[in-house]
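Based on the hints, put chains B and C in the right spot on chain A.
Here is what each chain is made of, one letter per residue.
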Amino acid sequence: MTSVYDRLRAIGIELPPLPPPVGNYIHAVRTGNLLFLAGKGVGEHTGKVGCDVSLEQAYAFARSTGIALLSVIHHELGSLDRVSRIVKVLGLVNAVPDFADHPKVIDGCSDLFIEVFGESGRHARTAIGAGSTPDQIPLEIEVVVEFTHLHEINGNA
Amino acid sequence: MTSVYDRLRAIGIELPPLPPPVGNYIHAVRTGNLLFLAGKGVGEHTGKVGCDVSLEQAYAFARSTGIALLSVIHHELGSLDRVSRIVKVLGLVNAVPDFADHPKVIDGCSDLFIEVFGESGRHARTAIGAGSTPDQIPLEIEVVVEFTHLHEINGNA
Amino acid sequence: MTSVYDRLRAIGIELPPLPPPVGNYIHAVRTGNLLFLAGKGVGEHTGKVGCDVSLEQAYAFARSTGIALLSVIHHELGSLDRVSRIVKVLGLVNAVPDFADHPKVIDGCSDLFIEVFGESGRHARTAIGAGSTPDQIPLEIEVVVEFTHLHEINGNA
Numbered sequence: 030m031t032s033v034y035d036r037l038r039a040i041g042i043e044l045p046p047l048p049p050p051v052g053n054y055i056h057a058v059r060t061g062n063l064l065f066l067a068g069k070g071v072g073e074h075t076g077k078v079g080c081d082v083s084l085e086q087a088y089a090f091a092r093s094t095g096i097a098l099l100s101v102i103h104h105e106l107g108s109l110d111r112v113s114r115i116v117k118v119l120g121l122v123n124a125v126p127d128f129a130d131h132p133k134v135i136d137g138c139s140d141l142f143i144e145v146f147g148e149s150g151r152h153a154r155t156a157i158g159a160g161s162t163p164d165q166i167p168l169e170i171e172v173v174v175e176f177t178h179l180h181e182i183n184g185n186a
Numbered sequence: 030m031t032s033v034y035d036r037l038r039a040i041g042i043e044l045p046p047l048p049p050p051v052g053n054y055i056h057a058v059r060t061g062n063l064l065f066l067a068g069k070g071v072g073e074h075t076g077k078v079g080c081d082v083s084l085e086q087a088y089a090f091a092r093s094t095g096i097a098l099l100s101v102i103h104h105e106l107g108s109l110d111r112v113s114r115i116v117k118v119l120g121l122v123n124a125v126p127d128f129a130d131h132p133k134v135i136d137g138c139s140d141l142f143i144e145v146f147g148e149s150g151r152h153a154r155t156a157i158g159a160g161s162t163p164d165q166i167p168l169e170i171e172v173v174v175e176f177t178h179l180h181e182i183n184g185n186a
Numbered sequence: 030m031t032s033v034y035d036r037l038r039a040i041g042i043e044l045p046p047l048p049p050p051v052g053n054y055i056h057a058v059r060t061g062n063l064l065f066l067a068g069k070g071v072g073e074h075t076g077k078v079g080c081d082v083s084l085e086q087a088y089a090f091a092r093s094t095g096i097a098l099l100s101v102i103h104h105e106l107g108s109l110d111r112v113s114r115i116v117k118v119l120g121l122v123n124a125v126p127d128f129a130d131h132p133k134v135i136d137g138c139s140d141l142f143i144e145v146f147g148e149s150g151r152h153a154r155t156a157i158g159a160g161s162t163p164d165q166i167p168l169e170i171e172v173v174v175e176f177t178h179l180h181e182i183n184g185n186a
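The listed protein sequences derive, respectively, from chains A, B and C. So for the first sequence, our numbering puts the first residue at 30; every next one is plus one. So for the second sequence, our numbering puts the first residue at 30; every next one is plus one. So for the third sequence, our numbering puts the first residue at 30; every next one is plus one.
Chain A extracted, bound-state conformation:
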């Protein structure tokens, strides 16, 4: 079985260090087989999509945010190979009021997850416009992940 890390190498992605949480929260919490990730927005731009930030730049920002989320999952679970499913993505775009292309922006993250995890990366999703964002980042993405417990992999508790 190909490891997720082989695929990351093949597409030239190196996991970045974890960004520190800005606020009194933590990156991720596990409950049962679900991992709830905190919203992230990581990349080179700030400002409103459809005005300060182009669709192409926003797509790239969503992809780099997805890479940061992979880094969170890697640190939290010890291995990305424990991801059994990307369940749900909530993509919040800091767009001008008449912006209409939120799906094309958040595809930057969704395309990445499918490249990296294959069919297990296909997820339910809501993409919507935020009225404003922390530090005026162009978007913020939160994810719910289903993972495999170690004793399920190893066959013992």
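Check the hints yourself; a few may be wrong.
Identical chains blur together in the list; that is why a pair holds if it fits in one copy or across any two.
As the list claims (entries may be wrong) - DMTMM-like, lysine to aspartate or glutamate: derived pairs with alpha carbons at most 25 Å apart:
no.	residue 1	residue 2
1	133	35
2	133	110
3	133	181
4	133	148
5	133	73
It should be emphasised that the hints constitute simulated quantities derived from the structure, not laboratory data. Keep in mind it's a predicted model, so treat the numbers as computed, not measured.
Same frame as chain A, now just chains B and C:
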């Protein structure tokens, strides 16, 4: 026991064909006993609620979105009778900045779920204003559903 | 073991009566070990954060909203001591379009949860700007909580 489909017939609702996802995502993902649905917004209007779209039109749009979500659940689970609970609704209204009646809008979906599922249709909910929406639809709704596994119904695995 | 109620007394918090839901929804739904709470916004202010409402006022509003959410959990589970983890917080701030300090606002709720529950109160979080809110409240917060079933506490079903 009355089937959900009897109630749908009684109130004159026919499930529409599934709308295609606009973006690289899928309609729904199951994990454990939970079904996470992608956000949907389906109906006859576009524009800002409180300006281009009236409260009454937005309520109707929320109801037709709820019907589209029922269609997704039906296709995903094979039968709406497997729904054991509507757990959580997130209603995102594309409203003008001083709009205040989000609950009355999203009731269009909530009323439907309770008509169709009875007490199992009563859910926790957040209704809020989006800054913008895909294709300038008046609202988008996502839902978390609890369902019964077939082996739980049939008494065997 | 110190009860959550001892800590509430020590920091001078009295649980308020439950606010009635504004709309056709309920305060909370349980599924498995998870409690999904409806979004709440409770406090003394209305209007846009960054214009009508200051950062300090918004922080206080987030704290009083957190207290209202504690009241919901108390009523739903019978005891706050059954909370095993605050899993996820979604904080939606009714801010002006260039507002950037959402995390500092929602910390009002996050700080409270950690004061009250200790390490179990640490949660994943998304803080973002809404375009508008019900009744023009300054913010709305929804929470996912993990709880312990009574038979898990008592050692029998």
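To see whether the hints hold, each was checked on the structure:
{"no.": "1", "hint": "133 / 35", "verdict": "neither (27 Å within a copy, 39 Å between copies)"}
{"no.": "2", "hint": "133 / 110", "verdict": "neither (28 Å within a copy, 35 Å between copies)"}
{"no.": "3", "hint": "133 / 181", "verdict": "neither (37 Å within a copy, 40 Å between copies)"}
{"no.": "4", "hint": "133 / 148", "verdict": "within (20 Å within a copy, 38 Å between copies)"}
{"no.": "5", "hint": "133 / 73", "verdict": "both (18 Å within a copy, 22 Å between copies)"}
In the structure shown, a violation is registered for the earlier hints numbered 1, 2 and 3, in ascending order.
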